[in-house]
Amino acid sequence: MSVAHPSGARPSLWPAAAGRVLAGAVLLGAVALLPWLTGADPARTVLRARSADQNPTAADLAAVREQLGLDEGPFAHLTRWLGGLPRGDAGVSWVSGEPVMPQVGTALSVSLTLMLGALAVTALVAALVCARTVFLGSRRRLRRDRAGATAAVLAALPKFLLASVLATVCGVWWGWFPSSGWEGPRSMVLPSLALGIPSGAMLGGLLDQALPAAFHEPWARTAYAVGLPPGHIARDALRRTLPGMLPQLLPTVVALVGGAVAVEKIFDIPGLGRLALEAAVAQDLPVLQTATLALVLLGVGAGILVRALRHALLGRPLRDGALPALHRPPLAAPRSLRWIIAVCSVALLALVTAGLLRDPLQVDTAARLLPPSLGHPLGTDALGRDLLARLGHGALRTAGVALAVTAVSAVTGLLLGMAPRASAGPTEVVSTLPAVLTGLLIAGVTGPSVWGAACAVCVVGWSPYAAQTAALLEQERASGHIAASVALGAGRLHLLRRHLLPAVLPALLRNALLRLPTTVLVLASLGFLGLGEQPPTPEWGRLLSENQPYAELAPWTVLGPAAALVALSVVAVTGSALGRGKGE
Amino acid sequence: MRTTPRGLIAALALTPLLAGCFAPGDSGGTGAGAGSGGRLRVALAVPPVQALSPYSNDATVLSKLSVAEGLTALDKNGTAKPALAKSWKQDDDTTWTFELRKAEFQDGTRLTAQSVVNALDHAGQARPKPRVLSDVTLTAKAEDADTVTLTTKSPDPVLPLRLASPALAVLSAKAYAEDGAVSPVGTGTGPFRITRLSGKTKAALDRFDGYWGGKAKAPGIDVSWVADGTARANALRSGEADIAEWIPTAQAKLLDNDTRHEVPSVRTDSLVLNTGGGLFTDAGLRAAAREAVDGSALVDSVFGGYADPAQGLFGPAVPWAAGKRVEVTGRAEAATTAQVKAETKGRTLRLATYTNRAELPEAATVLQQQLEKAGFTVKQDVREYTQMEADLLAGKYDALVFSRVTLLDTGDAVDYLASDFAGEGVYNIAGLKDTAVDKAIRTAAAERDTQRRQEKIMRAEAAILRTDAVVPLVHEQAVQGIATGVEGVILDPRERSLVDVDTRVG
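Chains A and B supply the protein sequences, listed in that same order.
The opening residue of the first sequence carries number 1 in the working numbering; numbering runs sequentially from there.
The opening residue of the second sequence carries number 1 in the working numbering; numbering runs sequentially from there.
Hints listed in this document are in silico derivations from the structure and should not be mistaken for laboratory results.
Keep in mind that a hint or two might mislead.
Unchecked claim - Now the in silico label distances, taken between C-beta atoms and shown as ranges:
| no. | chain 1 | residue 1 | chain 2 | residue 2 | range |
| --- | --- | --- | --- | --- | --- |
| 1 | B | ASN257 | A | GLY175 | 14 to 24 Å |
| 2 | B | THR281 | A | ALA366 | 33 to 43 Å |
| 3 | B | GLU424 | A | GLY29 | 32 to 42 Å |
| 4 | A | PRO372 | B | THR377 | 25 to 35 Å |
From the three backbone atoms N, C-alpha and C, an ideal C-beta is built for every residue, glycine too.
The following block holds chain A by itself, in its conformation from the complex (with noise of 0.2 Å):
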């Protein structure tokens, strides 16, 4: 760990670009070693991939084995690839036998496009999220704090439910938009719609948090008092509290490039989630290896690039330790505050209550798609299941992990992140990575697992964590009254529990509530690799997962879950908004 000492010199830049090189390097060996970690035979994958219907027969797993060479072992492939990257040649892939190049960068270039229409989107609701505090703040009337539930209730929508009913309303009813393919601007917008809205729910929520205290700044009592326009203290306000959420741009927006993969096949966009899945389910390595290392160059890239940006805005002060730190006025907690988190945590309680009181595993095939009724007050899925005990049955299961999950992902990201200079280079490149991949090598390793997709997601669940650990704490750092700490004597320890750690805490909490469902979801999307729960436990995931393709047909099967998902995050996110008001 690396307290600074507010100095002029400039930290070197080796630790953070070996990081990135090494972390980068440890990504790509695992992934040219899947097959043999795994100990799945590529032959098998790829002449399954080839013809579905194909006998595997010893003489033909042979053939397939020759043609690719695998008795040459992983280094021989993974010498092979390298050497010819410099030409820019990444070999053919094992599946079609076509040059892999031109195929990843096809799928980068889509991906890359819809990303950039999700940013814009984000941005966007970012926008709108913070707009009442922003607007209040810089009129000097934000006497409340804000519940934060708006955005909790929009950054817990499912981007995949929300990706069908865009695609069904407004592709299929209305016919404003094409319904799927890819194939000019105006198919850009639903799926960007379905990614950004979530996102930007997010990062609005964060940002939204840190405004206040950005407003609670002596400068800004002074620009009021001179009477400076409003609209020039809410820029300063932005620029002021920016540097702090950009960061998190990363594995909100960036890494929707590699996995968007839910979105990208509803939308039918050939993008390069869908290639790097398709390529790791086939173990086609040459292709697999380029994607990979596409989204660790993107990740490192765009980090650099963010970096760069915080620097930009916050610029000298940062340096010099001229920058006092960001710290929350006493707001009164929100009227509705209470009321909120009452209605949503009585009737979640209801629910399970009711829920656990029912069968969740009784199928009858005769009540299928039930819709609401007294006998089945939230209706029957596909199967004639009662769709409040299985609601009420997952609850615990799946609040349990999603929190556990979450937990040790934070407390990992804020230990990394005490570290910058050392995890820096780790966390963009774990940044982008979707988790599917590490399902995979842990399926492969560990076989089908109830924990597996808890270590899965853990794995690469850590870096926004962080990534805004370590940009808080380097605010924190170049502010005042460390440099006051650190002349009166204060160890390390001391300067890290009484300044440091206050400082990070809160925002780093509201950050992982607000995360919790996309938790619950991407744990449920590990279960075709066999990894968490086998069906037909009832798991809030999975609820929405297998409902998905009835959402038109029944929507009461999909209203339930993503309404009981919307309900626990936002008791998660008020309820710390609560604890807040009630600690200061």
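Chain A is already provided as a structure; the job is to place chain B on it using the hints.
Structure of chain B alone, referenced to chain A:
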């Protein structure tokens, strides 16, 4: 505050630059307005894996869109009819003579006996071997310009059926590259010529005016591959596609009645019991499982009505099966619930299935309840197919809900029985080693007369069902979405034909 706008401007400037990155080669089309001038817009389900090579999964695309043809084709009843060969005769057990018709390749060259020999030689040398040639060695020889003699190593009664396989399509010499790659782009003989293939997303086909069977009614086809079933249904419903194949049963109800066409499929879903190890080595328990499982409960629920209750291994898509079915006798007696409970004490039944077909996990859950009623303790294992294939073949499970195509490339059923149920079968997931079954399959394989071969196949089916190694559940139906006004789409149970000369937008 100076930097943000600059950054923003940079980001905005990047957008149009990247906006050029939509699906490659689409500059010709005018967005959603494609499909004008009577061109058919077809949404297919399985994206090409090997650039439409006939030796891969992609082969069916060539026959579905009438791009390439073989010497023969299959008619509605599954018998061989002339295609590039106008007639054939069997000279002796292993020798056949085919007379070619006058036809032209799409690259302008003529179809000759030599081009047929060339095509069949390449298919024979392809590694891995195309499935259709897995159990036969074929030698082709050009007798004169339009006569080809085919010799098989051992007698092959179904050779004409075999030749209808899209893997044995005859392409012009230009199609076969030195490195073994095969490209059907502009090299087939069918009424439609591929003009452009854009990766795994799109292809454009134009009418081939030199087709021997007359000019196609549609001027061309725009193909898009849409892997997600809901997206395919959406494309049809929003008018972005004229034909969308394989609508998932969950989406079928959302289609208008007149756009929804179901066709019995040669796919049978069954519960395969592992006779090689674990619980189901006990014939009494297998019989109990067979009694407990009721496939007809799946038809209206999981399959939404788009399936038929199982009659046996072969369903209504195999037209000769029903008339020749042999009653299954001499089955083991089912253990009662109490016996099942006593015998399985402390052991769980590992019920496996895979996520690749959306209906299977749902079916597994229904079956789980049925089996639990009969006294079993069931635990599911549901994964992506490639993730579990090795485990399945190693017998690391007790029961598998399995969806299998029963008539393979040959149009003949023996291959399926031999690979899945014979003791030496490479796909013998049931781990079945039964001398009576092996003998029945061998007898059927040796029979040359079509009628008697079918009878023997049905006798083998009865022998297999007698062991309770497999419990047929349902025969699937495929739902094809066809927009109103589109005429002449072929509803083929073998999933090999879709568009031909007569298909057109009305």
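| request: Look at the Cβ atoms of THR281/B and ALA366/A and judge whether their distance stays inside 33 to 43 Å. | output: Holds, at about 35 Å.
| said: Looking only at beta-carbon atoms, does the pair PRO372/A, THR377/B fall within the given range of 25 to 35 Å? | reply: Given a distance of about 33 Å, which is inside 25 to 35 Å, the answer is holds.
| Should the hint that ASN257/B and GLY175/A are 14 to 24 Å apart at their CB atoms be regarded as holding? | Since ASN257/B and GLY175/A have Cβ atoms about 21 Å apart, the given range 14 to 24 Å holds.
| Between GLU424/B and GLY29/A, does the beta-carbon spacing fit 32 to 42 Å? | The hint (32 to 42 Å, Cβ to Cβ) holds, given that GLU424/B and GLY29/A are roughly 41 Å apart.
Going down the numbered hints, you'll see the structure goes against none, and every one checks out.
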